[in-house]
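S.K.: Could you build all of it, start to finish, from the sequences and the hints given here?
2 protein chains.
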Amino acid sequence: MRDMVKVGLMGLGTVGGGVVELLAKNRVEIAQRAGEGIEIAMALVRDPAKARGLDGAIPRLTTDPEEILADKSIGIVVETMGGEEPALTYIKKALRRGKHVVTANKEVVSAHGQELFEAAMIHRCHLMFEGSVGGGIPIIMPLKRCLAANDIDEVSAVINGTTNYILTEMTAKGKDFAEVLREAQARGYAEADPSADVDGLDAARKLAILASIAFNTRVTPSHVSTEGIRAVSSADPRYAAELGCVIKLVATARQDDGAVRVAVAPVLLPKDHPLAAVNGPDNAVLVRGRPVGRVVFSGPGAGRGATASAVVGDIMEIVRQRTRPDKSQCTCFTTKEVLAGSGRPSPFYVRLRLPDGHGALDRATAAFAARGVSLASASRKSADGSGYEFVLVTRSAAEDAVRAAAAEGASNGAGWAVLNVLRMEDGDGAA
Amino acid sequence: MRDMVKVGLMGLGTVGGGVVELLAKNRVEIAQRAGEGIEIAMALVRDPAKARGLDGAIPRLTTDPEEILADKSIGIVVETMGGEEPALTYIKKALRRGKHVVTANKEVVSAHGQELFEAAMIHRCHLMFEGSVGGGIPIIMPLKRCLAANDIDEVSAVINGTTNYILTEMTAKGKDFAEVLREAQARGYAEADPSADVDGLDAARKLAILASIAFNTRVTPSHVSTEGIRAVSSADPRYAAELGCVIKLVATARQDDGAVRVAVAPVLLPKDHPLAAVNGPDNAVLVRGRPVGRVVFSGPGAGRGATASAVVGDIMEIVRQRTRPDKSQCTCFTTKEVLAGSGRPSPFYVRLRLPDGHGALDRATAAFAARGVSLASASRKSADGSGYEFVLVTRSAAEDAVRAAAAEGASNGAGWAVLNVLRMEDGDGAA
Numbered sequence: 187m188r189d190m191v192k193v194g195l196m197g198l199g200t201v202g203g204g205v206v207e208l209l210a211k212n213r214v215e216i217a218q219r220a221g222e223g224i225e226i227a228m229a230l231v232r233d234p235a236k237a238r239g240l241d242g243a244i245p246r247l248t249t250d251p252e253e254i255l256a257d258k259s260i261g262i263v264v265e266t267m268g269g270e271e272p273a274l275t276y277i278k279k280a281l282r283r284g285k286h287v288v289t290a291n292k293e294v295v296s297a298h299g300q301e302l303f304e305a306a307m308i309h310r311c312h313l314m315f316e317g318s319v320g321g322g323i324p325i326i327m328p329l330k331r332c333l334a335a336n337d338i339d340e341v342s343a344v345i346n347g348t349t350n351y352i353l354t355e356m357t358a359k360g361k362d363f364a365e366v367l368r369e370a371q372a373r374g375y376a377e378a379d380p381s382a383d384v385d386g387l388d389a390a391r392k393l394a395i396l397a398s399i400a401f402n403t404r405v406t407p408s409h410v411s412t413e414g415i416r417a418v419s420s421a422d423p424r425y426a427a428e429l430g431c432v433i434k435l436v437a438t439a440r441q442d443d444g445a446v447r448v449a450v451a452p453v454l455l456p457k458d459h460p461l462a463a464v465n466g467p468d469n470a471v472l473v474r475g476r477p478v479g480r481v482v483f484s485g486p487g488a489g490r491g492a493t494a495s496a497v498v499g500d501i502m503e504i505v506r507q508r509t510r511p512d513k514s515q516c517t518c519f520t521t522k523e524v525l526a527g528s529g530r531p532s533p534f535y536v537r538l539r540l541p542d543g544h545g546a547l548d549r550a551t552a553a554f555a556a557r558g559v560s561l562a563s564a565s566r567k568s569a570d571g572s573g574y575e576f577v578l579v580t581r582s583a584a585e586d587a588v589r590a591a592a593a594e595g596a597s598n599g600a601g602w603a604v605l606n607v608l609r610m611e612d613g614d615g616a617a
Numbered sequence: 187m188r189d190m191v192k193v194g195l196m197g198l199g200t201v202g203g204g205v206v207e208l209l210a211k212n213r214v215e216i217a218q219r220a221g222e223g224i225e226i227a228m229a230l231v232r233d234p235a236k237a238r239g240l241d242g243a244i245p246r247l248t249t250d251p252e253e254i255l256a257d258k259s260i261g262i263v264v265e266t267m268g269g270e271e272p273a274l275t276y277i278k279k280a281l282r283r284g285k286h287v288v289t290a291n292k293e294v295v296s297a298h299g300q301e302l303f304e305a306a307m308i309h310r311c312h313l314m315f316e317g318s319v320g321g322g323i324p325i326i327m328p329l330k331r332c333l334a335a336n337d338i339d340e341v342s343a344v345i346n347g348t349t350n351y352i353l354t355e356m357t358a359k360g361k362d363f364a365e366v367l368r369e370a371q372a373r374g375y376a377e378a379d380p381s382a383d384v385d386g387l388d389a390a391r392k393l394a395i396l397a398s399i400a401f402n403t404r405v406t407p408s409h410v411s412t413e414g415i416r417a418v419s420s421a422d423p424r425y426a427a428e429l430g431c432v433i434k435l436v437a438t439a440r441q442d443d444g445a446v447r448v449a450v451a452p453v454l455l456p457k458d459h460p461l462a463a464v465n466g467p468d469n470a471v472l473v474r475g476r477p478v479g480r481v482v483f484s485g486p487g488a489g490r491g492a493t494a495s496a497v498v499g500d501i502m503e504i505v506r507q508r509t510r511p512d513k514s515q516c517t518c519f520t521t522k523e524v525l526a527g528s529g530r531p532s533p534f535y536v537r538l539r540l541p542d543g544h545g546a547l548d549r550a551t552a553a554f555a556a557r558g559v560s561l562a563s564a565s566r567k568s569a570d571g572s573g574y575e576f577v578l579v580t581r582s583a584a585e586d587a588v589r590a591a592a593a594e595g596a597s598n599g600a601g602w603a604v605l606n607v608l609r610m611e612d613g614d615g616a617a
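So the sequence lines, in the order shown, correspond to chains A and B. One gets this note's numbering by counting positions in the first sequence from 1 and adding 186 to each. One gets this note's numbering by counting positions in the second sequence from 1 and adding 186 to each.
Treat the hints with care, since some could be wrong.
One copy or two, it doesn't matter: identical chains are merged, so the pair holds either way.
Okay, derived cross-link-like pairs now, SDA-like style, lysine to any residue, Cα gap no bigger than 25 Å in a straight line [as the list claims (entries may be wrong)]:
#	residue 1	residue 2
1	LYS258	GLY573
2	LYS279	ARG557
3	LYS567	ALA243
4	LYS361	ASP250
5	LYS258	ALA273
6	LYS522	GLU215
7	LYS330	GLY491
8	LYS330	GLU207
9	LYS359	GLY430
10	LYS457	ASP612
11	LYS236	LEU387
12	LYS192	PRO456
Hints in this document: simulated from the structure, not taken from any laboratory.
M.R.: Here's what the structure looks like:
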């Protein structure tokens, strides 16, 4: 065999360990398909003495990133540490030393893509990040390259496995958010501090990456209106099911009148929507473009093996290309207005608690009518001591008007409360 | 703008016309994303006088392929004629003249991939064929590159839009195959001669292309056991629904004990199977690999715009690469045994017509028991003058044994008939 391509691995946790295992397990096929063999020459770890079950797979463990960065035999740095720092600093240093970089770090790529791509261009390095979105699902390369001839109208995705697992469990078992979250934490599907997942930030980061590619303009997580799933109660999936819908945390980017709109929020999807059947920790990304139409990519959104598949695929792509890029790989050619929120009328699901007594529903519906929001249905649900839950479904309306009307109705008297307001999507996949 | 990359287009029918339109419509974005502008310099047509609504988009129409092949300013030849000849000859000539080739021609690629790749390697040309499988769905590049680190166990696909449209209509409306076929022909979803679609050959060609990439060995359409949908009656989708299933024409390639198994056949899929929800002319491809797990790609499987998206994506990829490939792009590194048929036990759906009278079902089940096939259920369906339809569901069994038992039962007496034998798949996506 010819010389091996030498890789420096930064981080030997779940994903890094998966990369080492995969390169060992499919070594022969990977070398055939990439055209050259690939070996991990060195790995950056916090504690070299820690047992990882990867004995002998890596010639050298180090605690000093400079050892990898200064090693001229290492052509590719793979960053699998996660988190913003020190990963960002190490990636920039690697690019400045002329090393190609593969990362699965959505925090770094979504917030710092611009400076990373500038460094990559100056030093003529590849910067690859397939594993940063959708785990093992090929989505970055298909969007950036296979679908590059299209005018993209929309990218919508169920793209956070933790929240999708929680919502799937809440729906299947009628359990509360807090209970399922505890179970998810116990099973390793949710972090000890789950806020980046359950509050929608993780999905916003991934959406920013996808939107930047799809619409050729810089979108960062701070652009995205982000609503998590903490306000979804055990009643909401049940009421959604009565409407023929399921609740999913949907990340959506659309191009509308030259502006890009980006939002992450729990949404009611009809059961035949292509994102509705994505269950448990799976992810799916829907792309709508002209002329292609609607394309959907689905699969495991996270996990050791799935993310390793994406990372090693990127390493192989760099090896296969053999030449250094002579221009920017950044796809943000233009500067478009980027706006938070969907900005698009649609039906809404409004769950209210109204006091017992005549006229309560009338006063609530009047508040909607006063804002120009007409209702498609209003159903009384369970009663408690002092009132009833109602689920109102609006006709297509602006989100602001719906929220204002709901809040106004709630301010009308004692015992009123707005329990949830969720967007509803139609069935053609226009999430 | 710099010099444009000049393309010679061979064939200006549905797909070729779509390519011209797309290059015109998204001209600016395509140039930005590819790094250079792309123009059709010349197109090969049968009749230059024919009106195509593409006025002025192409500087020169010709009826002589040599004009394109001899033009040194043309670096990329795009073949959108379809059919085996003369497309194959023209593609080979283009490669021998050092021109990169993009084709959506599944007939040529599936049957002649080896010689084409050899020519491409000798002359250091790119040979791209994303549009040959799955229309606008990115699948060739994701399988060849994004998922290249994986050991692929299975590729299963609903990959022929005509049969999927027919089966969807038969299921939704309870109509007969012949009636839906006539409607599909009237609506342009089926050809005047529908045999390549309805007899499974088109799916077998696409499967051969996918299997060759997935398993790194040469698979051609002649390897594939191919059963079409003509034997599916209007009763089958109804009985399938009673079993919680839908009938799809599924193309499956699996690796099993080092051999590759390839089959195209109508199959009963449980309703929650990832390929079960692919309706109408849509296509979907399921890939199962280690370590990635199960990934599914779905979208429009054919059509002017969808296929043009894939073809122009390939052109852009060639432009983006800028360098000539210095080794083979062929992924058939190995030679594995390739066997027709699934070769895998599974439950089967057997529709029989049994004569009226005591003991008919007993004799039928005895025939299965004698072959070691045990039954999970046997249901009497509609009666006609002289007998009853029965649907038997076997436990997991070898296909040969099931077919032999069914035939033996049918030979047992007058009024017996085997109406259909269809494989049933389980719900985890292991189609």
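S.K.: Since the copies are identical, ignore which copy is meant and state whether LYS279 and ARG557 lie within 25 Å (CA to CA) inside a copy, between copies, both or neither.
M.R.: neither (55 Å within a copy, 69 Å between copies)
S.K.: Please sort LYS359 with GLY430 into within, between, both or neither, judging by C-alpha distance up to 25 Å.
M.R.: both (17 Å within a copy, 22 Å between copies)
S.K.: Check LYS330 against GLY491 for me: Cα-Cα at most 25 Å, and say if that holds within a copy, between copies, both or neither.
M.R.: Both: 23 Å inside a chain and 18 Å across chains, each within 25 Å.
S.K.: When no copy is named, should LYS457 and ASP612 be tagged within, between, both, or neither for a Cα gap of at most 25 Å?
M.R.: both (10 Å within a copy, 21 Å between copies)
S.K.: Can you give me the call for LYS330 and GLU207, within, between, both or neither, at a CA distance of at most 25 Å?
M.R.: between (28 Å within a copy, 21 Å between copies)
S.K.: Within a copy, between copies, both or neither: which one fits LYS236 and LEU387 at a CA-CA cutoff of 25 Å?
M.R.: Result: close neither inside a copy nor across copies, 32 Å intra and 56 Å inter.
S.K.: Checking LYS361 and ASP250: alpha-carbon separation at most 25 Å within a copy, between copies, both or neither?
M.R.: Close neither inside one copy (47 Å) nor across copies (70 Å); limit 25 Å.
S.K.: Indicate which option fits the pair LYS258, ALA273 if close means a Cα-Cα distance not exceeding 25 Å: within, between, both or neither.
M.R.: So LYS258 and ALA273 pass the 25 Å test inside one copy only (20 Å; across, 49 Å).
S.K.: Give the relationship of LYS192 and PRO456 under a CA distance limit of 25 Å: within one copy only, between copies only, both, or neither.
M.R.: Answer is neither: 49 Å inside a copy and 46 Å across each miss the 25 Å cutoff.
S.K.: Quick one: LYS522 to GLU215, C-alpha cut-off 25 Å, is that within a copy, between copies, both, or neither?
M.R.: between (43 Å within a copy, 14 Å between copies)
S.K.: At most 25 Å between CA atoms: does that hold for LYS567 and ALA243 within a copy, between copies, both, or neither?
M.R.: neither (60 Å within a copy, 61 Å between copies)
S.K.: Between copies, within a copy, both or neither: which fits LYS258 and GLY573 at Cα up to 25 Å?
M.R.: This pair counts as neither: shortest intra-copy Cα distance 72 Å, inter-copy 81 Å.
Consistency with the previously given hints fails for numbers 1, 2, 3, 4, 11 and 12, ordered from lowest to highest.
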